[in-house]
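Could you put together the complete structure from these sequences and hints?
Chains as they are written, first to last, in my numbering: chain A, 1 to 116; chain B, 1001 to 1111.
Careful, some of the hints might be misleading.
Stated by the list, open to error - Just the calculated beta-carbon pair ranges, DEER-fashion:
{"hint": "1", "chain 1": "A", "residue 1": "Val12", "chain 2": "B", "residue 2": "Asn1056", "range": "37 to 47 Å"}
{"hint": "2", "chain 1": "A", "residue 1": "Arg81", "chain 2": "B", "residue 2": "His1019", "range": "21 to 31 Å"}
{"hint": "3", "chain 1": "A", "residue 1": "Gly3", "chain 2": "B", "residue 2": "Asp1092", "range": "23 to 33 Å"}
{"hint": "4", "chain 1": "A", "residue 1": "Gln83", "chain 2": "B", "residue 2": "Asp1067", "range": "15 to 25 Å"}
{"hint": "5", "chain 1": "B", "residue 1": "Pro1021", "chain 2": "A", "residue 2": "Gly40", "range": "15 to 25 Å"}
Claimed, not checked - Chain B residues, not near chain A, derived (Cβ > 10 Å throughout):
{"hint": "6", "residue": "Glu1014"}
{"hint": "7", "residue": "Leu1051"}
{"hint": "8", "residue": "Thr1052"}
{"hint": "9", "residue": "Asn1054"}
{"hint": "10", "residue": "Asn1056"}
{"hint": "11", "residue": "Leu1080"}
{"hint": "12", "residue": "Pro1111"}
Read the hints as simulated data drawn from the structure, not as lab findings. Note that the coordinates shown come from a computational prediction; the quantities given were computed from them, not determined experimentally. Glycine included, every Cβ here is placed at the ideal spot set by N, Cα and C.
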Amino acid sequence: GAGVSQSPSNKVTEKGKDVELRCDPISGHTALYWYRQSLGQGLEFLIYFQGNSAPDKSGLPSDRFSAERTGGSVSTLTIQRTQQEDSAVYLCASSTDSRQPYYEQYFGPGTRLTVT
Amino acid sequence: DAKTTQPNSMESNEEEPVHLPCNHSTISGTDYIHWYRQLPSQGPEYVIHGLTSNVNNRMASLAIAEDRKSSTLILHRATLRDAAVYYCILRDVNTGNQFYFGTGTSLTVIP
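This is the structure:
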């Protein structure tokens, strides 16, 4: 079946511009996560959605970052006034149910963001 | 979240077994142990998870110490496709729903 998809696969933007990154989770998955991975580093948690509950935004690095999830499905991560340190691969993952600790996460291929 | 410690890198010969260690001395009784791997230029993929007992699946085996302060991911016969970064992660929904991935172990498979 279809996995998690992300778009665009690559995005080059100028410093100060806003960008939107999209994630389509696996159909029926109620949990959705955003991570970012800087070059040669591990994954850094950004934000998490579970069903209709308020999202866990504890990982967002600044108020320039925001995310929404419409209709419990597609999610958009928005970075306003991009900075060069925002350059990274942004990964989205979805899960059947995040409220149990044994459910696995399925990751998308990521969006590589380069801020020039 | 309780943290994990893994070696930065390991090497293995092709067709040989690989034992990837992970220390998690501050693990709590409700923490599940998850392993993911990330192949080059791809998102991470699930490998295996366990709580107390050893686990086997088609990809790997997970051996969990009796005191649960460490675990070992076992690849029975390494192939070139197994070259990846392997992450050992603890997950307890009581303390948060994000995974803490750390920097993992970079596995090199030598032909």
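Here is what the structure says about each hint:
1. Look at Val12/A against Asn1056/B: about 44 Å separates their beta carbons, and that is inside 37 to 47 Å.
2. Between Arg81/A and His1019/B, the C-beta spacing of about 47 Å breaks the proposed range 21 to 31 Å.
3. As the Cβ distance of Gly3/A to Asp1092/B is approximately 26 Å, the hint placing it in 23 to 33 Å holds.
4. Between Gln83/A and Asp1067/B the C-beta distance comes to about 45 Å, which lies outside the given range of 15 to 25 Å.
5. In this structure the hint that Pro1021/B and Gly40/A lie 15 to 25 Å apart at CB holds, the actual value being about 22 Å.
6. Its beta-carbon lying about 25 Å from the closest one in chain A, Glu1014/B satisfies the requirement of being farther than 10 Å from that chain.
7. Some Cβ of chain A comes within 10 Å of the Cβ of Leu1051/B; the nearest lies about 8 Å off, and the non-interface call is violated.
8. Against chain A, the non-interface label of Thr1052/B holds: every CB pair exceeds 10 Å, the least being about 12 Å.
9. Chain A leaves Asn1054/B outside its interface by the beta-carbon criterion, the shortest separation being 15 Å against a cut-off of 10 Å.
10. Remark: the non-interface label on Asn1056/B is consistent with the geometry, its nearest Cβ contact in chain A lying 16 Å away (cut-off 10 Å).
11. Residue-level check passed: Leu1080/B sits 21 Å from the nearest beta carbon of chain A, beyond 10 Å.
12. Every CB of chain A is more than 10 Å from the CB of Pro1111/B (nearest about 24 Å), matching its label as outside the interface.
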